[in-house]
Amino acid sequence: MNSLKYVIIGNSAAAVGAVEAIRKNDSEGRIVIISSETHHTYSRPLISYLLLGKTDENRMKYRGDSFYSDNKCEFLPGKTVQRIDPEKKQVLLDDGSCESYDKLLIATGSTPFIPPVKGLEKVRNKFTFTTLDDARKLDSALIEGSRILILGAGLIGLKCAEGISKKKVSTVCVDLSHRVLSSILDDEASEIVKKHLEKNNIRFCLGRQVTEFSDGSAMLDDGTEIPFDVLVTAVGVRPNISLLKDIGGKTNRGIIIDERCRTSIPDIYAAGDCCECRDAASGEMKVMALLPNAYMQGECAGMNMSGADCVFDKAIPMNAIGLFGKHIITAGVYTGEVYLETDGENYKKLFYSNNRLNGFILIGNIEKAGIYTSLIREGTPLDSIDFELICRMPGLMAFSREERARILSGIA
Amino acid sequence: MKRVYVNEQWCLGCHLCEYYCAFAATNEKDMARALKGVMIRPRIRIEEKDGISFAVSCRHCDEPLCVKGCITGALTKKDGVITIDRNKCVGCYTCILSCPYGAISPSEDGAVQKCELCIKTVRGTPKCVEGCPNGAIVFEERGE
Amino acid sequence: MPIEYIYPDYEIVRDYDRCIVCRVCERQCANEAHEYLSDLNKMTADNAKCVNCHRCVSLCPTRALKIVKSDHTFKENANWTGKSIKEIYKQASTGGVLLSSMGNPENYPIYFDRILLNASQVTNPSIDPLREPMETRVYLGAKPDRIERDENGKLKNNLKPHIKLSMPVMFSAMSYGSLSYNAHESLARAAAELGILYNTGEGGLHEDLYKYGGNTIVQVASGRFGVHKKYLNSAAAIEIKMGQGAKPGIGGHLPGAKIVGDISKTRMIPEGTDAISPAPHHDIYSIEDLRQLVYSLKEATAYTKPVIVKIAAVHNVAAIASGIARSGADIIAIDGFRGGTGAAPTRIRDHVGIPIELALASVDKRLRDEGIRNNVSLVVGGSIRSSADVVKAVALGADAVYIGTAALIALGCHLCRSCHTGKCNWGIATQREDLVKRLNPNIGYKRLVNLMTAWQHEIKEMMGGMGINSIEALKGNRLMLRGVGLNEKELEILGIKHAGE
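Protein chains in written order, with the working numbering: chain A, 1 to 412; chain B, 1001 to 1144; chain C, 2001 to 2501.
These are computed hints drawn from the structure, not numbers from a lab. Do not take every clue at face value.
Computed spacing ranges between beta-carbons, pair by pair [to be verified]:
1) A:P381 - C:T2346: 23 to 29 Å
2) A:K137 - C:R2023: 53 to 59 Å
3) B:G1051 - A:N346: 41 to 47 Å
4) B:N1087 - C:K2042: 34 to 40 Å
Quick partial rundown of chain B residues pointing at chain C, CB under 8 Å, derived from the structure [said to hold, decoys possible]:
5) L1012
6) K1078
7) P1100
8) P1106
9) G1110
All C-beta atoms in this analysis are idealised placements derived from N, C-alpha and C, irrespective of residue type, glycine included.
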């Protein structure tokens, strides 16, 4: 049997997941990785840690230097795929060359959304904050005493604020929402985080938006003017769906995939931040752009591409983020009845309905959070555990003796 | 592969496994010297309530969610044992978010820590198994 | 308590340089003697609660603890010792009978320690147990008077039922109720692996242990707890308990608070009722009555199992044994005054009964003199502490020995003698679930097997040294023994010569 040729567009978590899965089943087939960046596979979430000095470019590599050779991959850095030809089963690159494929994985990730604000083109020192190149450029623009304006107080905006905090600059965050981390926190939790960030010298203008930029200052909708030296836009990302959309594949906000990571076009798979799939917590189709999901989707795609049958239907929104020493862990959706425990510094909120845990928010004391995550992903019926206990104290004590025997004693 | 398994019926909740774990991590010869005045952060932890107690430590899963979610690649599987490269770990806690058993916890220096079957500290039987006075923790192959 | 008459006997000494405040002492002391002071992050202890069981000492991972005898003293007085004075204080406070656990600790002569063994030299060469076969197997039961043949001249099997033991040691009667279930399971499993027997004591046989029936002696005591047909038929032998070395002449009492759950079920009495074993069997008032019970038990088991009669060693033990030997019993078990107990009145335990060495020698001589020694096998107990005691007991005339205290020590007992409180920290003499857990039968039974294996090797060494290669040849072989520091009367009763003779 002729061995298969696999082509992967992308070089991050989803791509790596696919490679590692393919090589479990197929040690012979060619794997070609096409990356628009030039770097060895690296972890994008680490760019803020890089600026902070908690890691360096070598330690940031997502896999060791010998990853491509160990896995017999042909790595094509600095190339962009222009078009997919699903009839000829080829991809066309920007340098004019072609790569044929038997199985194709689109792991193109996402691109920062640039808000269409008047005057933005006038700002000379403006940056996005998603790639290593972004981080390098931003770093060289930061001089002592600079005033930094960050548009967006979400995950990327706040991690950026933390990342640059050691550079002796002053930082202001502006967000349309009244809350920081509005996509994952409720009012009270958000307030705790905001206070903590303010203690660490991050200033906020929440519930406002920029109406006009000039080079060096932003005019807000309430008339305030904020002078700045460097602008970082972190108002959201858009999944890179054009390659599939252009050839008629099903897309919404993201590329629509089933629980085997298949797109609507045969032999084309998709994984990672560019996709949209069923959220196991809410049942809705969502883009869940998080590294663990990206890796697991990539792995699922790789398994299916190389002939094994694999299903990944447990993707849920989940986040672990630390800001100036305060850790926040969240997962799922925030609907249903509420269990709340807070002392002003630590925060725990669990959401449940229909005998299931739907979601949770933890700030401060995040020990054993994964136990809650597992309840959501597995859809564990809450009447099969001591739910009252697990709300107060996440742990295996809340499970039955038989369940513990399975987990801790290997007794099936 | 040999793993640390728990016989819940024999656990006395004496917590000696936790102290032996902490001792193993110090690489010292004398436990009194190693742990005097130290607030221990063991990688195996007892849960106890109403006369039931048992020790929880990393299961070294065949499909480890922590490894799949690790943003730095610090968590890897080597010869079946899930290990942490503490140099690479930045303490993002995605693994704590992922582990369904609560087996990973923060350590003093920001990186995370979990049971690594004593492969970095002692050789042979993990220290928690040696220290258990009642056969509640064993190190054996159970066909998983 | 306005006046504290009794100062704690023991002090817990902690080396604070080595204490890592792991709190295992606090977690593991059932008497709550240790406490963690959270404001000082320090451990402390209340000596008054310490019973000197060594649980904390044994578990402390840095060996930071030891228990010492308090050096708080009364004025020296050979007559009015501190012990005598304190006992009066206790009785003046409570008005109660003093209760004690385990065997007589008083300073009476220990004859085993005044008896020495022979060894071969020059004329009768010793035997090397590593190179030559040595037989430690024994068979207990009534030996037939003569060989019988059938009409064809073939040997008839006129053997009565026997117990086969791989070595001349059995685990003695300790009831389920005074001991925990896990202790019983350890004894049963060890007996099965070693090829010897253990004894249920008067608490009946737990249904989960029926599978070890082939290695079990079931006891029929005066309270008849747990006695039913299936119980009798499940065992290898049946023992009628007439008396016990630790408390001759009186019965037993397990308080109703301990009669719960499986204890109640196994003993066949309602939960919460006191389990009182009366002093006499109320249906045995003469040797003829005993014979009747012996044969009832044999009928109930179709004459397939030997019947043992266990008596305490008292003054006229030889005459009693002679009567029992004629009653149809197959084995006589004699329990000396050092025998252990879960709880007994202190004065009875310490002042009633006679040493097993003297009882054994006089019973063996009496039965031989009357020509009925082969009607029964003799089993003795009451502080057999080592393999040397075993060899000496066999040489004095025993077919086998019972060990009780020694077995419990193998399981972890530290002879703190607090069994009657029900808070045995080693999980042996308690029914509290959290304490019983501490005795893991998987570990316990192995320790018993180890102990017996070690004793078996030592017995072989000692026998080999004497030039003897089987227990049969050692039994009653008084010439292998010499006394040292014994007076003429003692030597005469023991039937041995003095060292040097």
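Evaluated hints:
1. A:P381 - C:T2346: 23 to 29 Å: violated, 59 Å
2. A:K137 - C:R2023: 53 to 59 Å: Since the Cβ atoms of A:K137 and C:R2023 sit about 55 Å apart, the hinted range of 53 to 59 Å holds.
3. B:G1051 - A:N346: 41 to 47 Å: violated, 29 Å
4. B:N1087 - C:K2042: 34 to 40 Å: holds, 38 Å
5. L1012: holds, 6 Å
6. K1078: violated, 30 Å
7. P1100: violated, 28 Å
8. P1106: violated, 22 Å
9. G1110: Interface hint status for B:G1110: violated (25 Å vs cutoff 8 Å).
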